[in-house]
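> One-letter residues, chain by chain:
There are 2 protein chains.
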Amino acid sequence: MEATMTRLTDERLHELYTGTLKLIAERGFDNVTMDQIAEATKSSKATLYRQWGSKAALFADSLTAGGPVPDVAPDTGSLRGDLREMFGAHPKEIEHPPELVGAVLQAMKQNDEVATAVRTKIMDPLHERIALLIARAVERGEVAADCPAIEYVHLVLMAPFVLLDAVDGCDPQENDYVLNYIDALVLPALGIH
Amino acid sequence: MEATMTRLTDERLHELYTGTLKLIAERGFDNVTMDQIAEATKSSKATLYRQWGSKAALFADSLTAGGPVPDVAPDTGSLRGDLREMFGAHPKEIEHPPELVGAVLQAMKQNDEVATAVRTKIMDPLHERIALLIARAVERGEVAADCPAIEYVHLVLMAPFVLLDAVDGCDPQENDYVLNYIDALVLPALGIH
Chain Y
1 MEATMTRLTD ERLHELYTGT LKLIAERGFD NVTMDQIAEA TKSSKATLYR
51 QWGSKAALFA DSLTAGGPVP DVAPDTGSLR GDLREMFGAH PKEIEHPPEL
101 VGAVLQAMKQ NDEVATAVRT KIMDPLHERI ALLIARAVER GEVAADCPAI
151 EYVHLVLMAP FVLLDAVDGC DPQENDYVLN YIDALVLPAL GIH
Chain C
1 MEATMTRLTD ERLHELYTGT LKLIAERGFD NVTMDQIAEA TKSSKATLYR
51 QWGSKAALFA DSLTAGGPVP DVAPDTGSLR GDLREMFGAH PKEIEHPPEL
101 VGAVLQAMKQ NDEVATAVRT KIMDPLHERI ALLIARAVER GEVAADCPAI
151 EYVHLVLMAP FVLLDAVDGC DPQENDYVLN YIDALVLPAL GIH
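Quick mapping for you: the protein sequence lines, in order, are chains Y and C.
The first sequence begins at 1 in UniProt numbering and counts up by one.
The second sequence begins at 1 in UniProt numbering and counts up by one.
For reference, chain Y alone in the conformation it holds in the complex (with noise of 0.2 Å):
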């Protein structure tokens, strides 16, 4: 019964991961204390202990919550229709605050179990969908087996979101960004035209 009674609602879920968010965001990992977070989400540093065990824990989970990354690659019948569907807009459940790309890459060489964890629920998961999706196409005839591309394409599929506000001050999900930017760097660097 106990485990009942200490879960947590979605709705409060939610708010302590929006709110872990904002803070570490705006103030850097490093400076924000669970006794911050406690008091800024309405909840004990016991709770958070207790659910999380950490900081890292507890940021690396709300980084992942309503997930960056599907649950399932899409397998359309074509690589171009599988990138579109996985990095076209989707809505989001968390809300990211603008200064959150700077703070968790601030965070990833502060803090190891920040870095772990960001790698391997984040980058990493990432990674293996992006490396099925281009199997499939390989498989289908559609990209060459030894493209030299392949190695590199799970980055530039990161890039615009960590990057294309910093440089040119948009917002990749808008406009069609990333889909312009699939159909015009991404597919052609891998042989499709």
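Since the hints were derived computationally from the structure, they do not count as laboratory data.
Among these hints, one or two may not hold up.
Think about it this way: if two alpha-carbon atoms lie no more than 25 Å apart in a straight line, the pair counts; the simulated SDA-like pairs of lysine to any residue are [claimed, not checked]:
hint, chain 1, residue 1, chain 2, residue 2
1, Y, 22, C, 93
2, Y, 121, C, 168
3, C, 22, Y, 111
4, Y, 22, C, 33
5, C, 22, Y, 112
6, C, 22, Y, 27
7, C, 45, Y, 27
8, C, 121, Y, 165
9, Y, 42, Y, 65
10, C, 22, C, 43
11, Y, 22, C, 56
12, Y, 121, C, 98
13, C, 45, C, 61
14, Y, 22, Y, 122
15, C, 45, C, 8
16, Y, 121, Y, 11
17, C, 121, Y, 170
18, C, 121, Y, 42
19, Y, 22, C, 115
Since we're looking at a predicted model, the values are computed, not measured.
Fit chain C to the given chain Y structure using the hints.
Relative to the frame of chain Y, chain C by itself:
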């Protein structure tokens, strides 16, 4: 005479820039005060304000000192040669701490003066140099004038420097990563094989 007297030596500037980058990388732009920078670099806040006027201006000059952006675009006769020259390993005059990339992205969202300075002093000049290399490659007939990837090349060339460490834990200047990336992905996207 007064202008001469207040001019800082190159060595002093180097210390100031290095100290500023270290503090802001570790703590975040918003969490560092001019007082702390003055103390850490054994200078006076009055000197810092007289020379730079603001923390944002000091940060921007620290970032561009010793320059991530070359003054002149290379002109080797081929796009491959130009990109290898421009993005291959160069000795760094100012040490960039590992947390700096994240701190810069975060600071650009926290402070408009930083965002404008980083765009006008780093990203726009880099974009211009790359556009010049591409324009020459188009003139030489290496790249089609209407190649749709041209619009995205600057983003793609910056990506390893911002993302690779976070995604794969690697340094883009080691093991010829960037040179291989140019050959395997950037040039094929532009139709050069």
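> Does each hint hold? Answer for all of them.
Here's how the hints hold up against the structure:
no.	hint	result
1	Y:22 / C:93	35 Å, violated
2	Y:121 / C:168	13 Å, holds
3	C:22 / Y:111	16 Å, holds
4	Y:22 / C:33	22 Å, holds
5	C:22 / Y:112	19 Å, holds
6	C:22 / Y:27	17 Å, holds
7	C:45 / Y:27	23 Å, holds
8	C:121 / Y:165	16 Å, holds
9	Y:42 / Y:65	19 Å, holds
10	C:22 / C:43	15 Å, holds
11	Y:22 / C:56	23 Å, holds
12	Y:121 / C:98	22 Å, holds
13	C:45 / C:61	16 Å, holds
14	Y:22 / Y:122	19 Å, holds
15	C:45 / C:8	14 Å, holds
16	Y:121 / Y:11	22 Å, holds
17	C:121 / Y:170	18 Å, holds
18	C:121 / Y:42	43 Å, violated
19	Y:22 / C:115	20 Å, holds
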